[in-house]
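Colleague: One letter stands for each residue in the lines below.
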Amino acid sequence: MEELIEKLKKEVIEQLNLEDIKPEDINPDSPLFGEGLGLDSIDALELIVLLEKNYGIKIEDPKDGKKIFFSIRSMAEYITANKK
Amino acid sequence: MNFIDGIGMISPQQTLVPGRFPDDVVEYTADFLKCIEPVYKTYIDPIPLRRMSRLIRMGISSARICLADAGIAMPDAIITGTGLGSVEDTEKILSDISKEEKFLNPTPFIQSTYNTISSQIAIHLKCHNYNTTYVHRTFSFESGLIDGMLQLGEGSSTRVLVGGIDEMTLNHLNITRRIGLWKRQPVNNLQLLNSRTPGALAGEGAAFFLISADRSDHSYARLRDVSTLIDIRGSYRRDQAIRNFLLQNQLQPEDIDLLIVGISGDAVFDPVYHQFASDFFPNAPLAWYKHLCGEYHTSTGFALYTAAQILKSQECPEILLLNHKAPSRLKNILIYNQFRNINHSFLLVSFPD
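Line by line, the protein sequences give chains R and Y. Under my numbering, the first residue of the first sequence is numbered 1220, with each subsequent residue one higher. Under my numbering, the first residue of the second sequence is numbered 39, with each subsequent residue one higher.
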């Protein structure tokens, strides 16, 4: 899990072009949206593409997004549970 | 009347730093002239900045520099001209489509639309006023100026922000080089006329102007008239057009104190300018600008920047002069640009008295 979390941090930084943020700056349990990294709705779309492209996971129900993308850890847990 | 009250210019020259251009001209030997970019965080918040591609960053920054120069916070209209829009974003989305269409990132798709620059400027300024974008290839900036002048003329606006912006990418350069638009080898921009080969030296730039209905203490110039013409049958209609243009503005050829032309180092199309100058303005001092910014669809933005600086300083730098004939006075400047001898445009600017 910890390995996946570190990988995810790097992928999120690259995908969202978080120029001044390093992986160690991201608390895996902090919220990604609103506070924390302060991401927005376009970032949410970018993260959906990231999950599908890098892990083959398609989010079928948009309502699940809020829970899945709450934090880096929740993303990692979802990937672990659903990776094909 | 229309007055240029503020300018923001990002170009391959030191145009961001007041007083450094044209005394400190940058020399390149390159395939194309790339803009000297500012520290964007000075002008754009870091959170939206991370998502923006280079052209959008240049557009917003030059618009903000222009507004600061004019000393105003909110224009009555935002009008942008771009020949190609955000090429970088367009290339990215097309490249992603060609790989696997289902994994498309939304950001380059959203930003590849031409009106992104105008709308992003409006979002940053929280400006809900008139906002539009012209994508008329080599007439894009001119169309924006004409719209701005019409807005001022009908009284719906008193201060309009008008810009011309285009970027070059290596991919686009290589594709359009195949149809003969550009030099085949890197050239030195200050030795451009010595190349004597077909194709221009490519460039890019972002120019914004605050055009005001009223003259102010810091007005650079009076923007008197702009005209565009498509002439696919040689120069007959263009010749008629310049006669009418002068007539409409109650000027004789000898009233033009400086003719700025879009000579680009292209051995095929540069003779069009020489013929034009010798036919209509044989005694006028002749200047050029594309050795400093390169050729791009909205390059007349750089020409207008140059003309405005000349009128304000009442000096024409040697680096711009083609026939080493220094102007004896600097009241009226005519800019003439053409693309492939088809798209022709005239811009007339005068001392703001």
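Bear in mind the hints are in silico, worked out from the structure with no lab data behind them. Check before you lean on any hint, since a few could be wrong.
[To be verified] Heads up, simulated DMTMM-like pairs for lysine to aspartate or glutamate below, C-alpha to C-alpha not over 25 Å straight-line:
{"no.": "1", "chain 1": "Y", "residue 1": "LYS140", "chain 2": "R", "residue 2": "ASP1283"}
{"no.": "2", "chain 1": "Y", "residue 1": "LYS130", "chain 2": "R", "residue 2": "ASP1248"}
{"no.": "3", "chain 1": "Y", "residue 1": "LYS140", "chain 2": "R", "residue 2": "ASP1244"}
{"no.": "4", "chain 1": "Y", "residue 1": "LYS72", "chain 2": "R", "residue 2": "GLU1238"}
{"no.": "5", "chain 1": "R", "residue 1": "LYS1229", "chain 2": "Y", "residue 2": "GLU138"}
{"no.": "6", "chain 1": "Y", "residue 1": "LYS130", "chain 2": "R", "residue 2": "ASP1283"}
{"no.": "7", "chain 1": "Y", "residue 1": "LYS130", "chain 2": "R", "residue 2": "ASP1259"}
{"no.": "8", "chain 1": "R", "residue 1": "LYS1272", "chain 2": "Y", "residue 2": "GLU126"}
{"no.": "9", "chain 1": "R", "residue 1": "LYS1302", "chain 2": "R", "residue 2": "GLU1238"}
{"no.": "10", "chain 1": "R", "residue 1": "LYS1302", "chain 2": "Y", "residue 2": "ASP308"}
{"no.": "11", "chain 1": "R", "residue 1": "LYS1272", "chain 2": "Y", "residue 2": "ASP255"}
{"no.": "12", "chain 1": "Y", "residue 1": "LYS350", "chain 2": "Y", "residue 2": "ASP308"}
{"no.": "13", "chain 1": "Y", "residue 1": "LYS72", "chain 2": "Y", "residue 2": "ASP114"}
{"no.": "14", "chain 1": "Y", "residue 1": "LYS164", "chain 2": "R", "residue 2": "ASP1259"}
Colleague: It remains to establish, for every hint, whether it holds in the given structure.
Modeller: Hints and how they fare:
1. LYS140/Y with ASP1283/R: holds, 20 Å
2. LYS130/Y with ASP1248/R: Violated, at about 32 Å.
3. LYS140/Y with ASP1244/R: violated, 32 Å
4. LYS72/Y with GLU1238/R: holds, 22 Å
5. LYS1229/R with GLU138/Y: holds, 23 Å
6. LYS130/Y with ASP1283/R: violated, 29 Å
7. LYS130/Y with ASP1259/R: Status holds; Cα separation ~22 Å.
8. LYS1272/R with GLU126/Y: holds, 21 Å
9. LYS1302/R with GLU1238/R: Since the Cα atoms of LYS1302/R and GLU1238/R sit roughly 29 Å apart, the hinted pair is violated (cutoff 25 Å).
10. LYS1302/R with ASP308/Y: violated, 62 Å
11. LYS1272/R with ASP255/Y: Not satisfied, since the Cα-Cα distance of roughly 57 Å exceeds 25 Å.
12. LYS350/Y with ASP308/Y: Given that 25 Å is the threshold and the Cα spacing comes to 28 Å, the pair is violated.
13. LYS72/Y with ASP114/Y: violated, 31 Å
14. LYS164/Y with ASP1259/R: holds, 18 Å
When held up to the earlier numbered hints, the structure conflicts with 2, 3, 6, 9, 10, 11, 12, 13 and fits the remainder.
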